[in-house]
Every structure is written in C-alpha cells, then in structure tokens.
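Undergrad: Residue numbers (this note's numbering), protein chains in the order written: chain B, 1 to 254; chain G, 1 to 259.
Watch out, some of these pointers could steer you wrong.
Heads up, simulated EDC-like pairs for lysine to aspartate or glutamate below, C-alpha to C-alpha not over 20 Å straight-line [what the hints assert, rightly or not]: (1) Lys153/G with Glu37/B; (2) Lys171/G with Glu35/B; (3) Lys173/B with Glu163/B; (4) Lys68/B with Glu98/B; (5) Lys153/G with Glu163/B; (6) Lys189/B with Asp169/B; (7) Lys171/G with Asp78/B; (8) Lys153/G with Asp88/B; (9) Lys220/B with Asp88/B; (10) Lys188/B with Glu37/B.
Pair by pair, the computed Cβ-Cβ distance ranges are [what the hints assert, rightly or not]: (11) Gly104/G with Ser32/B: 52 to 60 Å; (12) Glu246/B with Lys171/G: 32 to 40 Å; (13) Arg252/G with Asn185/B: 45 to 53 Å; (14) Gln179/B with Pro100/G: 51 to 59 Å; (15) Arg149/G with Glu113/B: 30 to 38 Å; (16) Arg106/G with Glu113/B: 26 to 34 Å; (17) Glu113/B with Leu17/G: 56 to 64 Å; (18) Thr195/G with Gln20/B: 53 to 61 Å; (19) Thr195/G with Ser157/B: 57 to 65 Å; (20) Thr195/G with Lys75/B: 33 to 41 Å; (21) Val19/G with Ile171/B: 48 to 56 Å; (22) Lys171/G with Thr231/B: 39 to 47 Å.
Stretch by stretch, here's where chain G covers chain B in the computed footprint (C-beta under 8 Å, at least three residues) [what the hints assert, rightly or not]: (23) 75 to 84; (24) 141 to 155; (25) 245 to 252.
Hints listed in this document are in silico derivations from the structure and should not be mistaken for laboratory results. Because the structure is a prediction, the values reported are computed rather than measured. Backbone N, C-alpha and C fix where the C-beta goes; we use that ideal spot for every residue, glycine too.
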Amino acid sequence: MDDSPFLEFNNVSVNFNTEQMDVLALSDFNLSVLENEFICIVGESGCGKTTALNVAAGLIQPTSGYIKFKGKEIKGPDASRAVVFQMDAVFPWMTVQENIAFGPKSQNKSQSEVNSLVDQYLNLIGLQEFKSAWPKNLSGGMRKRVDLARAYASNPSMLLMDEPFGALDFIMKENLQEQSRKLFNLDKKTIIFITHDLEEALFLGDRLVVMTSRPGTIAKIVKCDFGEERTFALRSQPEFINMRVELRKFMESK
Amino acid sequence: MKTKRLKLKLVSPLSILSVFLTLFLWYSLSEDGLKIISAIKFPPPTQVFESIEFLGFKIFTDIFATSARVLFGLIVGTILGCVVGAMIVFSRRTGEFLNPIIEGSRPVPVIAMIPFFLMWFGIEEPGKLFLVTIGVFMIVVVNVSESIRNVPKLYIQAAQTLGASTRIIRKRIIFPAIIPALIGPLRVAVALTFTLVVAAEFMGAQNGIGYRILEARRLFYPQVILLGIIQLGILASIFDAVLQRTMGRITRWSGRESK
C-alpha cells in the first residue's frame, strides 16, 4: 500500500450561509485516506458527516482549506469518485440493467464492455433475474444493491457512501453490510462510508473516524483490526464487543 | 392481460349507462319524446341523425381538416415549447432575454390576437395554424421550464458522479424525469387546441367542424350545429385517450395509474 494520501482533507471548513441561518457544518477537518482503505466516519446526526462526504465528492466546495484527490485539488464531481447516496438515487425510468450500465455508457465504453460489466455486477448483487425490472417493482434493499452495483460498475477509484443502509430493516442491513465488505475484498476500492451506527462502522471499516457534534471535526481515529473477511460471527467476538463499548463511552463523553 | 383490462375498461357498465341516460334524457325532453324543448332551441336525436345524411361526405372532410389543425398545433407547439422551455432553464442569458416576452404575453388570451392574424394572414391556413401553435406553446413552455427546475438534484448529482456529461444528463436524466409532469399540461393543451381551432375556423375557413357550425348558424340549421358539437366532443375525447395511452406507455416506469 502506498503511504502517500489518496484523499486529503486539509483544514477544511464549510459554512452554510442562508437567509435563515449561518451554520458552520465542518470546522478544520483534517483526514488522510490511503489507497484501497475502507474508512468509516461515525458521528451523531447533524454532525457534518454528509458535508464531509459531499466535499470529497466535489458536490460542495470548502469555505476554507482544501481537499486533494491523488494530489490534485477537487474542483467538482467526476467519475473517479462515485457516490451511493443516503436517499434512493436509482433512476426510476431505467431498468435495473440500464441503471448499472449508465456509468460505463456515459464513459463511452464499448457495448460489449458495458454488457459484461452489467452481467458481472448483476451476478454479484444476485439480481440477474430482475435485470429488466423497473426500480418501482423492487424492494428498498434490492434498489440499494442496484445503487451499489451502479457505483461499482462505473469503475471509480473511490467510493463515497452516505448512510446507504440507513432506511433498511436490520436483517437486510446486516446482509448488505456483509455483501459490501465482500465486494470490497473482491474489487478493492478506496471507500469512505458514512454512518451513525457504531456497530456498522466497526464491522465494515479498516479505520474508524469519530466526529464531534456540530461544528463537525475529528475527535478520534481508531484502527479496526478484524481482518479482511468479515462475517456475521464477528459481531459476537469479545474484541469487537469491547471496542464497541469503549467507543460508545467515548462518544457519549463528547 | 393489459388488452383484457383495457377491453374491460372500455365496456365499463357505468360508462355505458351514463351515455344511454344522456341519450334517453335528450330523446325524452326533445320533440321526439315529451316535446318539452322545441326543435329550434335543441334539435331532437332524429334530426341530428338526418343531418349526417344531409352533410354526406363533408363530415369526413370537416373532421379531417379540424383534426389536422389540432395535430399540427399540438405537435409543433409542444416541440417548440419543449425546446424554448429547456433553453430558458439551461441558458441563464436566454432565460433573462425570453422571460419578459413569454411572461408578458402568457396571460393574454390567444383569441384576442385573432384580428391581427386576420390582417396578417387573411383567412388562409397559416393564420389558423399559427394561432393554435401559439396556444399550445404557451402552456408547454412554462410547464417544461418549471418541471426541469423541479427535477430532484439528487439524480443530477448521481449522474455527475457516474461520469455523465451535461449533454447526457439533459438527454437521459432531465428529459425522462419531466415527462410525467407534462401529462396534465398536455391534456389541458389538447382541450385548448380544440377551442382555438374552432375559434380559428370561425374567423374564416372553407372547411372544418367550426366552419360547418358557423355556416349552420347563418343558414339556421340547429341540428348541424349540435352535430358539430357532438363531433368535437368525440374527437377531443379520442385525442385525449390517445395522449393518455401514449404517455402511459412512455411513463410505465413511474407507477402512475393509467386511465
């Protein structure tokens, strides 16, 4: 693993200036993300996690400080950093396969390449038989899987995930967490995963970033040494539970 | 299965009942039945049926002429409305330039411009087509620009982060996203188009249902006037049904209840 940062937040502050209010969402946010690292950012609702992710995606420009991706300052969104949004962002007017093909097609990949990518990711998410279905006919969990596959198929260098499983029931959520980690192990990408669920963050991340409440800044960074392969059994292991309890105490004290 | 459902809907007993009740009421009140309304004020069904024979082949030429004008106005007005409506949103300068003209002329009833159209085009075809096209354009342009502004930002941001260019975003995200929002305005446009075509045919024509109604008024044939009104009703319903079916097919992804 190359030690130079793949993504670097440097004293990033974001101030939302609207007619109604003036909000400092992010204050002096500093974080270096390494290549092929799975980073989870955890913090309470409204602490600026999504703002940090949107800055990384190029959807928001920092008010001060800068953010660099592969050594270059981020000026706007592009295909190198795909986002899986918290809300349902699957295009409802496209079938499952058209959704997955959207990224590769937009990047002018050949039809045969597009087809093989679509097949590959349809198989990975287990929705082969739903490839011609409209999103309206899928469950919330299935749509999230399509969203994930669409992001992967666009072949980004980095994946930014904003509480993607927040609205799902816990069984669906745990299954998708396992699938996400499996996808990550199979097809290594650099991932920033936002969540307010501490257990989810510990289960998925290589490193865990704890944020303070608004204005959001980093309170603690923890390494999660639970190995590459992570299954449901990990949740009941003592070291996992201990870490969860300690971090919970830490977050409560903040 | 869909065809079966459609057939069932077409022969809905309540719809048949409402048509028969109207016909029965008409028959009963008219001179054919209880003679409550005189034939001069409201002709009975028999007289209207007789007028079909009286007009003969002219009925078809009238229907064709009126339908052609409606179709032209709808197609050209919708295309122009979509293009200009999109330009207003996509280009700030075009928006600033066109907005005062469109917003200033939109509240003016297009019918008020008929005297000008008569001066410019006489009773020739272009005047009628122009009038109808402007009417449709005014409805579509505002709805297209508003619908584009209402496309959820989330879809556009998702497309951007998947590597889509502005051209792809407009074609594959914005355009399909606004179609469901245009069904209502287009149905309003269909109804308005018929009003405008009849008004245009009143101002001078050699054929068309509106022309036939005006001619019947001059010659005092109330049964032909009523026949014209019935023709317009049926024709407008067919246009509306075709529009709804077509849009229902295009937006079958949306979960919108089709008719």
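Undergrad: The structure should be examined with respect to each hint, and the outcome stated for every one.
TA: Here's how the hints hold up against the structure:
1. Lys153/G with Glu37/B: violated (29 Å)
2. Lys171/G with Glu35/B: violated (35 Å)
3. Lys173/B with Glu163/B: At roughly 11 Å apart (the allowed maximum being 20 Å), Glu163/B and Lys173/B satisfy the hint.
4. Lys68/B with Glu98/B: Violated - the C-alpha atoms of Glu98/B and Lys68/B are around 32 Å apart, more than 20 Å.
5. Lys153/G with Glu163/B: With a Cα-Cα distance of about 18 Å, the restraint between Lys153/G and Glu163/B holds, given a limit of 20 Å.
6. Lys189/B with Asp169/B: violated (26 Å)
7. Lys171/G with Asp78/B: Between Lys171/G and Asp78/B the Cα gap is close to 18 Å, so the pair holds against 20 Å.
8. Lys153/G with Asp88/B: Between Lys153/G and Asp88/B the Cα gap is close to 12 Å, so the pair holds against 20 Å.
9. Lys220/B with Asp88/B: violated (30 Å)
10. Lys188/B with Glu37/B: Cα-Cα ~8 Å, so holds.
11. Gly104/G with Ser32/B: 52 to 60 Å: holds (57 Å)
12. Glu246/B with Lys171/G: 32 to 40 Å: violated (52 Å)
13. Arg252/G with Asn185/B: 45 to 53 Å: violated (39 Å)
14. Gln179/B with Pro100/G: 51 to 59 Å: At 55 Å between Cβs, range holds.
15. Arg149/G with Glu113/B: 30 to 38 Å: holds (36 Å)
16. Arg106/G with Glu113/B: 26 to 34 Å: Cβ of Arg106/G to Cβ of Glu113/B: about 48 Å, so the range 26 to 34 Å is violated.
17. Glu113/B with Leu17/G: 56 to 64 Å: Because 59 Å falls inside the window, the suggested range holds.
18. Thr195/G with Gln20/B: 53 to 61 Å: Since Thr195/G and Gln20/B have Cβ atoms about 45 Å apart, the given range 53 to 61 Å is violated.
19. Thr195/G with Ser157/B: 57 to 65 Å: 58 Å Cβ-Cβ, so the 57 to 65 Å window holds.
20. Thr195/G with Lys75/B: 33 to 41 Å: violated (52 Å)
21. Val19/G with Ile171/B: 48 to 56 Å: holds (54 Å)
22. Lys171/G with Thr231/B: 39 to 47 Å: holds (43 Å)
23. 75 to 84: Contact hint for the stretch 75 to 84 of chain B vs chain G: holds, 7 residues under 8 Å.
24. 141 to 155: Answer holds; 3 residues pass the 8 Å Cβ test.
25. 245 to 252: violated (count 0)
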